[in-house]
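Assemble the whole structure, with the sequences as input and the hints as a guide.
Chain by chain, the residues run as shown.
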Amino acid sequence: MINFINKKIIFYFLITLFIFTLDRISKIYVINIAETYGKVDIYLNQFINVILVWNTGIGFGLLSFEKQFAYNFITVIIALVNLVILYFGIKSNDFRGYLFFIILGGSLGNLFDRIYYSAVPDFIDLNYNDFHWFIFNVADIFITIGIICLIFVELLFNKKENLNEK
Amino acid sequence: MKNKLVYLTFILFFLNACQTLQDGLAGNKNRNSDEFLIEKKNPLEMPPEFGALPEPAKKVNIIDKTEKINENIENLIKKEGSTNKTQSSDKSAEDFVLKQIKKN
Numbered sequence: 001m002i003n004f005i006n007k008k009i010i011f012y013f014l015i016t017l018f019i020f021t022l023d024r025i026s027k028i029y030v031i032n033i034a035e036t037y038g039k040v041d042i043y044l045n046q047f048i049n050v051i052l053v054w055n056t057g058i059g060f061g062l063l064s065f066e067k068q069f070a071y072n073f074i075t076v077i078i079a080l081v082n083l084v085i086l087y088f089g090i091k092s093n094d095f096r097g098y099l100f101f102i103i104l105g106g107s108l109g110n111l112f113d114r115i116y117y118s119a120v121p122d123f124i125d126l127n128y129n130d131f132h133w134f135i136f137n138v139a140d141i142f143i144t145i146g147i148i149c150l151i152f153v154e155l156l157f158n159k160k161e162n163l164n165e166k
Numbered sequence: 001m002k003n004k005l006v007y008l009t010f011i012l013f014f015l016n017a018c019q020t021l022q023d024g025l026a027g028n029k030n031r032n033s034d035e036f037l038i039e040k041k042n043p044l045e046m047p048p049e050f051g052a053l054p055e056p057a058k059k060v061n062i063i064d065k066t067e068k069i070n071e072n073i074e075n076l077i078k079k080e081g082s083t084n085k086t087q088s089s090d091k092s093a094e095d096f097v098l099k100q101i102k103k104n
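First to last, the protein sequences are chains A and B. Numbers 1 to 166, taken from the numbering used here, label the letters of the first sequence in order. Numbers 1 to 104, taken from the numbering used here, label the letters of the second sequence in order.
No lab work stands behind these hints: they were computed from the structure. Check each hint, because a few of them may be wrong.
[Unchecked claim] Pairs of lysine to any residue, SDA-like flavour, derived with a Cα cap of 25 Å:
#: 1; chain 1: B; residue 1: Lys4; chain 2: A; residue 2: Leu86
#: 2; chain 1: A; residue 1: Lys8; chain 2: A; residue 2: Asn93
#: 3; chain 1: B; residue 1: Lys4; chain 2: A; residue 2: Leu83
#: 4; chain 1: A; residue 1: Lys159; chain 2: A; residue 2: Ile145
#: 5; chain 1: B; residue 1: Lys4; chain 2: A; residue 2: Cys149
#: 6; chain 1: A; residue 1: Lys159; chain 2: B; residue 2: Ile101
#: 7; chain 1: B; residue 1: Lys2; chain 2: A; residue 2: Gly97
#: 8; chain 1: A; residue 1: Lys7; chain 2: A; residue 2: Asp94
#: 9; chain 1: A; residue 1: Lys159; chain 2: B; residue 2: Lys2
#: 10; chain 1: B; residue 1: Lys4; chain 2: A; residue 2: Leu163
#: 11; chain 1: A; residue 1: Lys159; chain 2: A; residue 2: Asn93
#: 12; chain 1: B; residue 1: Lys4; chain 2: A; residue 2: Val84
#: 13; chain 1: B; residue 1: Lys4; chain 2: A; residue 2: Leu156
#: 14; chain 1: A; residue 1: Lys91; chain 2: A; residue 2: Phe157
#: 15; chain 1: A; residue 1: Lys91; chain 2: B; residue 2: Lys2
#: 16; chain 1: A; residue 1: Lys91; chain 2: B; residue 2: Leu5
#: 17; chain 1: B; residue 1: Lys2; chain 2: A; residue 2: Leu163
#: 18; chain 1: B; residue 1: Lys2; chain 2: A; residue 2: Asn82
#: 19; chain 1: B; residue 1: Lys4; chain 2: A; residue 2: Asn82
#: 20; chain 1: A; residue 1: Lys91; chain 2: A; residue 2: Cys149
#: 21; chain 1: B; residue 1: Lys2; chain 2: A; residue 2: Glu161
#: 22; chain 1: A; residue 1: Lys160; chain 2: A; residue 2: Ser92
#: 23; chain 1: B; residue 1: Lys4; chain 2: A; residue 2: Ile145
#: 24; chain 1: B; residue 1: Lys2; chain 2: A; residue 2: Leu83
#: 25; chain 1: B; residue 1: Lys2; chain 2: A; residue 2: Tyr128
#: 26; chain 1: A; residue 1: Lys159; chain 2: B; residue 2: Tyr7
#: 27; chain 1: A; residue 1: Lys39; chain 2: A; residue 2: Tyr128
#: 28; chain 1: B; residue 1: Lys4; chain 2: A; residue 2: Leu62
#: 29; chain 1: A; residue 1: Lys91; chain 2: B; residue 2: Phe10
#: 30; chain 1: B; residue 1: Lys4; chain 2: A; residue 2: Gly97
#: 31; chain 1: A; residue 1: Lys159; chain 2: B; residue 2: Thr9
#: 32; chain 1: A; residue 1: Lys160; chain 2: B; residue 2: Val6
#: 33; chain 1: B; residue 1: Lys4; chain 2: A; residue 2: Ala79
#: 34; chain 1: B; residue 1: Lys4; chain 2: A; residue 2: Phe73
#: 35; chain 1: B; residue 1: Lys2; chain 2: A; residue 2: Ile151
#: 36; chain 1: A; residue 1: Lys91; chain 2: A; residue 2: Val153
#: 37; chain 1: B; residue 1: Lys4; chain 2: A; residue 2: Asp94
#: 38; chain 1: A; residue 1: Lys91; chain 2: B; residue 2: Asn3
#: 39; chain 1: B; residue 1: Lys65; chain 2: B; residue 2: Leu76
#: 40; chain 1: A; residue 1: Lys8; chain 2: A; residue 2: Val153
Remember, predicted model here, so these are calculated numbers, not experimental data.
Structure representation (structure tokens):
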């Protein structure tokens with residue numbers, strides 16, 4: 001039993017590490033281009049561009065303050081949220097644990113940038129007919145996938161539970 | 001279940017770090033908004049005691065350095081001319097003496 005738990009935790013840890021590393025490699029690559037050429041504005045195709053922008057706030061450009069205190073306060077909240085996710089990830093016995101650790105991998109990537117660069121680099125620009133979606137990074141992809149999957153799981157489980165109760 | 005969905009949405013907002021292209025590109029401009037804090041320069045004015053200031057000096061005959069150099073060169077040429085003359089006179093005197101010796 002203990003072996004199983006250990007294996008599970010090691011696997012969770014590897015998932016988190018893989019996502020964190022993937023995110024770091026992508027960000028370091030883009031930042032190196034920015035340092036070499038002064039800016040990053042790469043046209044990949046008509047739907048995806050690579051443009052480096054720095055986000056000091058949270059998702060969707062919210063809570064982007066100039067003041068250091070507000071920035072540090074938000075960073076502390078994000079760190080606490082990470083701890084809560086870690087707790088729920090370890091606690092969960094089904095595949096939701098994997099989803100929590102996928103979210104944690106991305107979240108740690110962004111938290112690292114908030115502490116190291118004092119801002120999070122975003123560089124993937126999806127657009128269609130001059131309509132630009134929010135610029136995001138690799139960590140955001142995994143966070144969003146994890147949370148959307150969790151929402152679907154909650155909705156499905158809730159339906160099943162309701163049916164069982166009836 | 002509603003609570004869980006609210007928590008998940010909260011997590012989605014807090015852990016994501018995406019932002020709009022407009023905000024991202026305008027961010028630098030916002031940070032560099034010091035152009036509105038630059039002090040305006042006062043318009044040009046006459047000095048307060050402009051009348052009391054001394055007038056600029058009138059034309060003074062200043063001999064240029066080039067003129068001086070030219071004069072020096074001319075003097076040197078003149079001197080050289082005079083020395084050449086003396087040399088030629090010296091030569092003629094020598095010739096005269098030599099002729100006299102040969103005659104004797």
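Any hints this thing doesn't respect? Which numbers, in order?
-> 6, 25
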